[in-house]
Amino acid sequence: MNLTIVEKAEIFVTKLFEEKLRPEFLFHNLAHTRSVVQNAGEIGYGMSLPVDKVEILLLAAWFHDSGNVIEHKGHEAHSVEIARNFLTENKYPEEKTGLICDLIESTRLSENREGLLYDIIRDADLLHTGQKGYQEKIANYREELRVLCEKSFTDDEWNRFNLEFIREHPFRTTYAQQNYNERREKNMAKIEKKVKKEAKPSKEPKEIKEPKEAKETKQAPEINVKPASESRKSELRKAGEERRKQAAEAIIAEEKQKKYARGVETVFRVTSRNHMDLSNIADGKANILISVNAIIISILVSTIVGKLMAYSFLVVPTIILLTICLFSLAFAILSTRPKVTTGRVSPDDIKNHRGNLLFFGNFYNMELPEYQEGMNELINNNDYLYGSMIRDVYFLGKVLERKYRFLRISYDIFLSGIIVAVIAYIIAILKNA
166 MNLTIVEKAE IFVTKLFEEK LRPEFLFHNL AHTRSVVQNA GEIGYGMSLP VDKVEILLLA
226 AWFHDSGNVI EHKGHEAHSV EIARNFLTEN KYPEEKTGLI CDLIESTRLS ENREGLLYDI
286 IRDADLLHTG QKGYQEKIAN YREELRVLCE KSFTDDEWNR FNLEFIREHP FRTTYAQQNY
346 NERREKNMAK IEKKVKKEAK PSKEPKEIKE PKEAKETKQA PEINVKPASE SRKSELRKAG
406 EERRKQAAEA IIAEEKQKKY ARGVETVFRV TSRNHMDLSN IADGKANILI SVNAIIISIL
466 VSTIVGKLMA YSFLVVPTII LLTICLFSLA FAILSTRPKV TTGRVSPDDI KNHRGNLLFF
526 GNFYNMELPE YQEGMNELIN NNDYLYGSMI RDVYFLGKVL ERKYRFLRIS YDIFLSGIIV
586 AVIAYIIAIL KNA
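If you count by this note's numbering, then the sequence shown holds residues 166 to 598, one letter each, in order.
No lab work stands behind these hints: they were computed from the structure.
Fair warning: there could be bad hints in the mix.
Below are the BS3-like pairs computed for lysine-lysine, each with C-alpha atoms no more than 25 Å apart in a straight line [what the hints assert, rightly or not]:
| hint | residue 1 | residue 2 |
| --- | --- | --- |
| 1 | K563 | K504 |
| 2 | K173 | K261 |
| 3 | K316 | K261 |
Quick caveat: nothing in here was measured; it's all calculated off a predicted structure.
Starting from the given sequences, assemble the full structure and let the hints guide the process.
Here is the structure:
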């Protein structure tokens with residue numbers, strides 16, 4: 166089994182981490198490395214880099230934290246050594262090896278190298294700052310610092326540390342900026358909110374001093390604000406908890422809806438792609454039969470038919486072969502024959518959510534304003550949209566059934582017919598002999 170250099174690197178680093186990485190690495194572990202590799206590939210391909218450049222990025226991403234198995238502090242130098250040894254053993258080009266080592270060195274936060282590949286590997290390493298679940302991921306880093314570096318933070322110190330870190334390390338590539346800056350800003354806003362909340366002075370009820378005369382007079386009314394203050398604080402606390410609960414429920418509902426929508430989109434995308442692949446396979450098989458039958462018919466007409474007067478004993482098998490080829494050719498052509506529709510969806514169909522505007526055969530005779538109005542209705546109504554997609558998949562399946570049915574008939578005719586024709590030729594030749 167021939168593995169690519171990236172696949173070999175994945176196997177090597179995975180085994181290295183599983184066997185030698187200390188369990189105290191709660192953040193800079195194999196999961197983080199896999200995430201950086203995925204990020205590097207996404208940004209690289211997203212920026213239309215050549216395959217060889219993306220390969221260099223992926224290799225650098227796989228090895229960028231491998232030095233942690235030796236030492237946490239200054240692990241980049243150990244990572245370079247491990248990567249160089251691996252690439253040398255696998256006879257990887259020295260020029261590319263040097264670039265990969267430079268990319269690994271550039272992941273050191275103090276480094277500030279310029280160049281597209283350096284920008285991509287840095288963004289890939291820090292892309293989690295612009296992704297969902299940032300707070301959960303970074304909590305593991307806090308615990309990792311406490312265990313490995315004996316650095317403890319109060320909540321306020323940790324929030325300020327995170328805020329400063331995100332501000333000092335913006336995304337460098339246009340791809341990361343366009344696709345992850347919005348979430349990065351949201352993550353930063355959440356941390357800023359926590360910092361401001363910690364910075365607010367505590368609103369304790371002020372002590373109310375009694376007038377001098379009141380102190381001297383025992384009958385003076387005693388002022389006590391504590392019960393009112395506690396009651397107010399309790400009300401505010403309950404109101405805040407209720408708002409947080411409602412917000413959490415809204416976020417959960419929104420996430421469920423997004424997951425449902427993504428799942429539905431994936432189902433339709435995969436199903437449609439599978440149907441298109443099957444359609445292409447059917448067309449390819451039909452083209453093979455059309456070509457073979459056309460060649461056989463051409464040979465029969467150009468060579469044998471003209472000599473049948475001299476070789477009359479070959480008339481019957483030749484007619485059999487010619488008939489078989491014609492029928493097989495006809496069914497192969499029928500399997501690829503397109504079906505023409507009216508090319509128009511009526512306004513009533515659109516209004517009643519019956520017309521499928523996703524298939525070109527249903528709208529090519531419509532005027533542009535009418536089509537735009539119908540598409541706006543389709544986009545703004547989920548039931549209509551999903552219904553159209555369901556109908557599209559269904560009728561695509563019907564077309565596939567017709568294709569494969571005619572294709573099977575064509576193959577059956579060709580297979581059985583060729584056998585019959587060959588036997589007929591053998592019998593005719595033997596009788597004549």
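Point to revise | Those earlier numbered hints the structure runs against, lowest number first | key: Hint 3 contradicted; others consistent.
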